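Visitor: Sequence:
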Amino acid sequence: MRHYITVLAFMTSFCGIIYAQQSAAFTNDLMLYNQATELYNNKQFLAAQLLFDKVKDAVDDENIEAECAYYIANCAIWLNQKGADDLMENFVTEYPTSVKRNAAYLDVANYYFDNGKYAYARKWYDRVEVYALSAKEKEKFNFNNGYAYFKIQRFNEAKKFFEDVQESRTYGAKAKYYLGFIAYEGDDYQEANQLFDEVKDLNEYNKNLSYFQSDMNFKSGNFEEAIKEGLVQLPKSKPTEKSELNKIIGESYFNLKQYGKAIQYLKAYRGRKGKWTNTDYYQLGYAYYKEGNYEEAISEFNKIIEGRNATAQNAYYHLAESYLKTDQKQQALNAFKNASEMDFDATIKEDAFYNYAKLSYEIGNSYQSTPKILLGFMDQYPGSEKKEEMKELLINSYLTSKNYKEAMELLESTRNFADKVVYQKVAYYRAIELYTSGNYDEGLIYFTKSLSQPRDPSYTSKATYWKAETLYMLGQYEEALVHFKQFKDFDNAQTTVVFENIDYSLGYTYFKLKQYLKSIEHFSKFINTAKSDDVRLADAYLRLGDSNFISSKYWPAMEAYNKAIQLDGPNADYAHYQKAISYGFVGKNDKKISDLELFLTTYTRSVYRDDAMYGLGNTYIAKGDVSRGIATYDRLIDETPRSSYVPKALLKQGLVYYNNDQGDQALSKFKKVVSQYPGSEDAVQAVKTARLVYVDLGRTDEYASWVKGLSFVNVTDEDLDNTSYEAVEKQLVDGNENKAIDELTKYLKDFPNGINALKSHFTLAQLYAKQNNNEAALPHYQYVIAKEQTEYTEQALLKVSRFYLEQEQYDKALPLLSRLEQIADYPQNIIFAQSNIMKAHYQLVHYPETITYAEKVLANPKIQQEVKDDAQLFLARAALQTADESRARQAYQKVQQTARGELAAESLYYDAYFKNKDANYKASNESIQRLSKEYSGYKLYGAKGLVLMAKNFYGLKDAYQATYILESVIKNFTAYPDVVAEASEELQRIKKEEAKTNASIQTEQ
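Residue numbering for the sequence shown follows the numbering used here, starting at -5 and increasing by one per position.
Rather than coming from a laboratory, the hints here were simulated on the basis of the structure.
Predicted, not measured: the structure shown is a model, and the values here were computed from it.
Glycine included, each C-beta is placed from N, C-alpha and C at the ideal position.
Be a bit skeptical, because a hint or two may be false.
Said to hold, decoys possible - Taking lysine-lysine pairs in the BS3-like style, the calculated list, with each CA pair at most 27 Å apart, reads:
id, residue 1, residue 2
1, Lys443, Lys547
2, Lys323, Lys396
3, Lys506, Lys557
Said to hold, decoys possible - DEER-style ranges, computed between Cβ atoms:
id, residue 1, residue 2, range
4, Gln656, Val529, 37 to 43 Å
5, Glu382, Glu235, 53 to 59 Å
6, Ile357, Arg894, 18 to 24 Å
7, Ala113, Lys911, 57 to 63 Å
8, Thr598, Arg983, 36 to 42 Å
9, Gln837, Lys733, 36 to 42 Å
10, Thr523, Glu591, 54 to 60 Å
Throw the hints in and build the complete structure from the sequences for me.
Guide: Structure below.
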């Protein structure tokens, strides 16, 4: 109709023009305009647009141009032409008085609306002058406008327009539906229900109403009605609606505490965009929990990650309960800890803390020491009815936690608890821990602390014994003797395990005090009562033999040495050697010779071979068998060229040649000693004896020429040199160490190359070292080391290499240790050198060399168990670094059998590590639980063990345990940045994976 009126108006105007001008051209334009209009009405917009454009260009009348401009723009809108909006804007701008203006806005708005472009429609609806619309147009305008606002979820604006047409015949039902939905979204369920009831017969929308009404009943707390409506709609709903309806039905049953019925529907929920939230997992988990299906409850609860609300606290508490029901105590401990750290429900918080503390006592805790946790509960809940139970657990926890260091700190700092018996015991175990690790000075402090509270007689006696052992290790033999005797006098001493060794310990103490008759007495008592310790028994026979030997009781000594040889202990070679030497002192040189020869045949790798050959050579010479004596000395020089006996053997050969009037051969030997061992006492003696030979040969000028080239001796000043050194020796004899240092310093200044220079440097170094002035001692030891091998070389190498090791200067220590290994006469120094070469190579990242030396140490049958553990440990570490996990695994297994303290913690961690590598996650966690219970004091391995435990739990599909443990590591172990970095990386990996199915998880971008 509007087009018809427009055409009439145009024709009236146009006819006026025809009559006025009678132009044939305008008659033609009218025909074209009519054709364009017809095309437009037939929706042939492109053809119409072209004709309107042609007419617009041909006429010279503003009204006609306006009509054409309107249709041109309108056609562009219908054709979706680029710039159509601009054409319409231009039309409105150029022809502001056109009657088409309002129609233009409405037509464009309706076009966009019909095409679903509601934002564009809204833009044009805003321009429409509503008062100019007919009633029908106004209804459509209001509904479309309301719907456009509805689609962009601006419900308040939409509501205004829908309310204007809710009584309309055409749009009323639809408007009420959308008004109902707006009320539904605004939680006004009463109004929504009323509106939905009015349109429930509207087929177009009825399919959604049951869902909405079910949901509204649910949200209104009418759970039974929600279930009823949901069950009706469920069979005929679409998949997406089915999921939501299952959720409504399941939650309704859940809220009605009908958990068995709820499970079926809660499980059928598919989540939003395929993801559940923590609340979804909680409801299903709790339903399983209430039905007693704890495994399934765990399966749902442990998917709740990053929960930080009341629901999460409740979930973690019931997760912990479920773990306890299934005897998974480590998992329960973590979940209780998590629930106890949240403040949403005070009752749950306290009960979770209580259970966390109890479990920590029962299975151990890697996060904190158990005593600290128990004290924390008592401090936080001083009025708790469980306080007495906690106090009893606290008393026992100091011992069961085995974290004696922290336990002592707590006992000495807390005011809440002061049980003296516990203090005595914990101090004792802390002392034992320190003693075992070789920290004797600090161990002595704690044995003394334990004895300061002598409440339990058994611990008093044991602490007294081990304090004596500690004093012995510190070289305080007089004090050690007092405590050993005190221990032996205790009434309960015989009931202790260590009592069987008391005479062994007393024997050694008297031996160190050089009271050899007493040492003989106690070693004999130990031997007579010893039970099954063959190693200690063999050693006791050795020391009994030595005590008799030093006391010149050679036959009893040989009897004891024979017993040691029969037991074939690690020092059987030493016993054989000592026995052979003893025959010489009882005038049995033939027996001495045969035993020494047998020794050299039997013990081809003994460190006493050079001692045996030197003693054998001396015995041959003493018997007058010079050729064999000389040959034995030659054998010593050839087979053990680094031995300290080599210069002595050369000197002996020289003396033998001199005594047999073979002066030139004697001088050859003496000069060899001087050239190869300048400055040594043997070299000084060689110079003195060579002087006699030159005098006898009448070649004193040759002697003078030779001796002038020797830097370590000045013959003209010899008397002055020796006199000056006698002043040093006097101070040493009198025990005036500081004055001796002054005299030695003065001597070296006056005689830098004197006869006694080497000896002075060594003595001065020893005195400085005794005063713990290692910096001052070092240059004097280095002077000794720089010379060829002398009787001082071994000790100097030992001291300097130990100094560099303490300073962690492994590159400097290594060559010294290697030299010590080659020249050492004392077996313990060889072991020291080899074990520390092993450690130095490891620190210098020389892993193959570390393995070589670890195996060399382990091949030595005389090493102590602690040294063996060290070697196995470094073998394992180096094997790991060279990707030889098989060897590392074997080595750690051996360490674990005997190690204590930190070594045991490390070996136990790697036991868990290799089980994790084998995907044996449960067994790996069992090892970590043992680590946390027995070695909680070693925080690094506790932290590393927790990261490994998290990996195990994730391998067992327990994401909650994994993430919670990793978050706890990140929070509690900042002292170990490498461990925290690994935990953070693992945590993000797990979260990223779990976020695929859990919408509550936030991951780093």
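Visitor: So which of those numbered hints doesn't the model satisfy?
Guide: 1, 4, 8, 10
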